[in-house]
Amino acid sequence: MALPPGTGLVAYNAAISRCARAGLYPRALALFREMRARGLRADEYTLPPLLNSAALLRAPPAARALHALLLRAGLASHLHVANALVDAYAKLSRPAAARAVFDGMPDRDVVTWTSLLTGLARAGAHGEAVRVYRGMVAAGVDPDEFAVAAALSSCAGSTMLDMGRSVHATAVRRGFEPFLSVGNSLVSMYAKTGALRDARAVFDAMPARCTITWTALIVGCAQNGRGRQSLAIYADMVRSGYRPDYVTFIGLLFACSHAGLVDAGRAHFRSMVADYGIAPGPDHYACMVDLLGRAGRLEEAMDLLNRSSTELDATVWKALLGACRVHRNAELAERAAEMVWRLDPTDAVPYVMLSNLYSRSRRWGDVARIRALMKSRGITKEPGCSWVGVNGVAHLFHVEDRGHPRAAEIYGKVEEMTVRIRAEGYVPDTDWALQDEASEGRERGLAYHSERLAVAFGLLAVPATAPIRVFKNLRVCGDCHAAIKMVAKVYGREIILRDANCFHHMKDGACSCGDYW
1 MALPPGTGLV AYNAAISRCA RAGLYPRALA LFREMRARGL RADEYTLPPL
51 LNSAALLRAP PAARALHALL LRAGLASHLH VANALVDAYA KLSRPAAARA
101 VFDGMPDRDV VTWTSLLTGL ARAGAHGEAV RVYRGMVAAG VDPDEFAVAA
151 ALSSCAGSTM LDMGRSVHAT AVRRGFEPFL SVGNSLVSMY AKTGALRDAR
201 AVFDAMPARC TITWTALIVG CAQNGRGRQS LAIYADMVRS GYRPDYVTFI
251 GLLFACSHAG LVDAGRAHFR SMVADYGIAP GPDHYACMVD LLGRAGRLEE
301 AMDLLNRSST ELDATVWKAL LGACRVHRNA ELAERAAEMV WRLDPTDAVP
351 YVMLSNLYSR SRRWGDVARI RALMKSRGIT KEPGCSWVGV NGVAHLFHVE
401 DRGHPRAAEI YGKVEEMTVR IRAEGYVPDT DWALQDEASE GRERGLAYHS
451 ERLAVAFGLL AVPATAPIRV FKNLRVCGDC HAAIKMVAKV YGREIILRDA
501 NCFHHMKDGA CSCGDYW
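Residue numbers 1 to 517, in UniProt numbering, belong to the letters of the sequence shown in order.
Source of the hints: derived by calculation from the structure; they are not laboratory data. Hints may contain errors.
[Stated by the list, open to error] Simulated crosslink set (DSS-like; lysine-lysine; CA at most 27 Å straight-line):
(1) Lys489 <-> Lys381
(2) Lys413 <-> Lys489
(3) Lys489 <-> Lys507
[Claimed, not checked] Ranges between beta-carbon positions, derived for each pair:
(4) Gly124 <-> Gly514: 26 to 32 Å
(5) Glu299 <-> Arg475: 20 to 26 Å
(6) Val419 <-> Gly241: 55 to 61 Å
(7) Asp162 <-> Glu299: 54 to 60 Å
(8) Ala372 <-> Asp162: 42 to 48 Å
(9) Glu299 <-> Val427: 28 to 34 Å
(10) Ala30 <-> Ser309: 35 to 41 Å
(11) Ala208 <-> Gly392: 42 to 48 Å
(12) Val110 <-> Gly8: 43 to 49 Å
A quick note: this is a predicted structure, and the numbers were derived from the prediction, not measured. All C-beta atoms, glycine included, are put in the ideal place defined by N, C-alpha and C.
Let's have the full structure, built from the sequences with the hints guiding it.
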C-alpha cells in the first residue's frame, strides 16, 4: 500500500527502516521505488536499510543499482553508508566487491572491518579473512565479538591452530567468552584443528549452550576418530533437553561411519525422520552409503539409494565409489562414476578413484584408458600435497619434492625412518603404488609421498615435546597410514595427520581411527 501523497523524505526513511527491521524486504524496496517516482532523492539515511534488504533478498542487481545511485549522489563518503555497502556485498558472497569498497574508504571503524571479515569467512576465503583480522589489530581497531567469532571460524577453515589460540586470548582479554557465538566458534575451531581436549575444555566451561554448541562437539569428536564419544555426547544432549538438527545427524552418521557402527547408524538414520521429522538430505545419504560401504554391504547401500526420494548429488555417488575402491568392486564403481559424470562432468574425483582401483588390481590397461579419457576431456586432478607448520610458517611438500631448502636432510630422515620402521615389522603395501613399475620402484615411490616428507621435516624441526601436525589436501594412502603409525611408535612422538576425510591421532603405533577411515 502506497504512502499518502505529500509524504516527505523523513517519513519514507522511517517507513523503509521499519520494514527492513521487520524483515519486509520487498516492501522496503517497493517504498524506495515509490519514493523515487514521487521525485524524492535518497539521502544517507535511506540507503543502509535498502542495501541490507537487497542483501538478505539475495538480489545482487538491486545492490549494484543502489551502489551506483549512492556514487552518483555523492553519499559514499558517509561512513555508515559505505559500511552498509561492504556488509551487503559480503552477505551476497561478493568478497571481491566488498574488498574493493573497503579499500576505497578513507575512514574505517570496527563495523567496516567486521563486515569484511565476516563476509570473507562466510565465503570460505579463510586465509584472506585471517589477514584482514591481523590488519584490523595492526590498525589499532579492537575487534568485537562478531569479528572474533569470524576470525575463529577462519582459523578453523585454514587449520591455523596457533592463530586460533591467539584469537582465543583476545576473546578472554576482551571479555567475550560468555558470548554464545564466540564459545561455539572456539569449540569448532579447536575441534577442526585437531585440539579436541581444548574443544572439550571450552565446551565444559561455557555458561550457556545451544544445539550448535553440542553439534560442534559431536562433529569434532567424529572428525577426530572418537565416534563412540560423539554418540555419548549426543545422548547427553538429548537428556539435557536440546533438539538435534539437520547438521547434528550428519555428525552422528559420520561418527558411526568412521567407527564401523552399522546398527547405530541405521538407528539414527531412522530416528531423524521418525522422532524429529528431519528429512534426510544428500549429506545423510552419503554418510549412510559410506557406513554401509565400509562394512562391505554394497548391495544394501545401493538398495538404500534406489529407495530414496531425495535428489541425490555427486557426493553420494562418490561415497559409493570410495566404498567400491576399498572392496575392489570395479563393476559397481564404474556405475557410480557414470552417475558422478552425469551430475558434474568436470569432477576429477571419479577418474582418480577408478584409476586407483584399477592400479591396485594391476589393471594397467584400464589405468591408461582412464588417464587418456581424462586428457581427452580436459580434466586435471588436484595434485596431492602435505604441509606442516613450524614457528608460524607452513612448509609445503609434494610427492618426491626436492624443492625445500633442507631437502637433503629431509630425504636422509626418510631413509632413516624407513630403516627403523622396517626393523619394527613394517612391510610396504605396494598395492597403493599407482605406477606400473618393478617392486623396488613402487616401494621407493611410496616412501616419498608428500605426507612422509612432511613427517620427516616435522621430526627435524618440531620440538620433541610437541605433537607433529601434518595436513594433507587428499586422503592419506593406506601404506602411508601404516608407515606413519610405526614412525610415531619408534620415535616416541605424537603425530596428528589431518587428511581430506578426518584427523588421525597417531601414538605408540596406534591411530585414533582404529584403521577404519
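Quick rundown of the hints versus the structure:
Of the pairs offered as hints, the one joining Lys489 and Lys381 is violated, with about 33 Å between alpha carbons and a cut-off of 27 Å exceeded. Between Lys413 and Lys489 the CA atoms are separated by roughly 15 Å; this keeps the pair inside 27 Å, and the hint holds. Restraint check for Lys489 and Lys507: the C-alpha separation of about 6 Å stays at or below 27 Å, so the hint holds. Between Gly124 and Gly514 the beta carbon distance is about 31 Å. The supplied range of 26 to 32 Å therefore holds.
Judged by the Cβ atoms, the range 20 to 26 Å given for Glu299 and Arg475 holds: they are separated by roughly 24 Å. Between Val419 and Gly241 the beta carbon distance is about 57 Å. The supplied range of 55 to 61 Å therefore holds. Here the CB-CB span from Asp162 to Glu299 is close to 47 Å, at odds with the stated 54 to 60 Å. As the Cβ distance of Ala372 to Asp162 is approximately 45 Å, the hint placing it in 42 to 48 Å holds.
Evaluation of the 28 to 34 Å hint for Glu299 and Val427 yields a pass: the beta carbon distance comes to about 33 Å. One distance hint, 35 to 41 Å for the beta-carbon pair Ala30 and Ser309, holds here, with the actual separation near 38 Å. Between Ala208 and Gly392, the C-beta spacing of about 33 Å breaks the proposed range 42 to 48 Å. Between Val110 and Gly8 the C-beta distance comes to about 33 Å, which lies outside the given range of 43 to 49 Å.
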